[in-house]
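Peer 1: Chain residues, written in single-letter form:
Number of protein chains: 2
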Amino acid sequence: MFRHVTMFRWATGTSEEQVQGLARALGRLPDAIPALRAYRVGPDAGLAEGNWDFVVVAEFDDAEAWRAYLAHPAHQQLIAEHVRTMVAERASVQYHC
Amino acid sequence: MFRHVTMFRWATGTSEEQVQGLARALGRLPDAIPALRAYRVGPDAGLAEGNWDFVVVAEFDDAEAWRAYLAHPAHQQLIAEHVRTMVAERASVQYHC
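Line order of the protein sequences matches chains C and D. Be aware that the first sequence starts at 416, since it is given in this note's numbering, and climbs by one per residue. Be aware that the second sequence starts at 416, since it is given in this note's numbering, and climbs by one per residue.
Note that these hints are calculated values from the structure, not bench results. Each residue gets a CB set at the ideal place from its N, CA and C atoms; glycine is no exception. Watch out, some of these pointers could steer you wrong.
Said to hold, decoys possible - If we take Cβ atoms under 10 Å as the criterion, some of the chain C residues that face chain D in the derived model are:
1. W425
2. D468
3. F469
4. V470
5. D476
6. H490
7. Q491
To be verified - If you want the footprint, here are the derived chain C segments under chain D, 3+ residues with CB under 8 Å:
8. 416-424
9. 436-443
10. 448-462
Sequences and hints are given; from them, build the entire structure.
Peer 2: As C-alpha cells, this is what we get:
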C-alpha cells in the first residue's frame, strides 16, 4: 500500500463554512477518482495545543496511482476552488506501508 | 475510529542509522500498547519536493485510547531515546474518521 498524507493550517479568517465546503468536495473525490482505495479526511479534533487544522490520508495501490490522483481534473478543480483560498501552510509525506 | 497523525522534519545531521533505530522502536510499540489498533509509520518516499521526512499514523477506538498511548511508558521512552534527539519540526492532527 502507498499512502499520501497531507496536513493543512488554514489562513487567518478561514470560515467554518469554507472548511465544510472543502470536506464535502473531498467526500466526492473517491467516486471521481477510481485510483483512491481509501480516503479519510477531517478537521483536527481540537484536543491538543499547537495542532494543525486538517488532514487528508489517501491510500493507493502504488505511487503511480498516487500520481494519477494528483493530476486528476477533479482533484485539481478541488484545489483551485477550495484549498487555494484557505491554505496558509501545507505539509506532506508519501510512504510505503 | 480515532486517528492520530504526526509528521516530522529531522534536524540537520540526523543519520539514516538514527531513522532506522526510530523505525525499529516504533515497530515494537503495538505489542507494548494494546490500545493501538493500527500503526503505520515510515520515511517519506522521496517523490515530491518540500515534503516532510517521516509520518506516524496511529488508529484507536477513541480519544481515550489515544491519550493512553501518549502517556504509555513505552511511548514516552521512545520519545526520550529517539525522537527528541532527531526532531526539528513536528506537526500533528487527531481526527475522527
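Peer 1: Which hint numbers does the structure go against, in order from smallest to largest?
Peer 2: Numbers 1, 5, 6, 7 and 9 - these are the hints that the structure violates, sorted from lowest upward.
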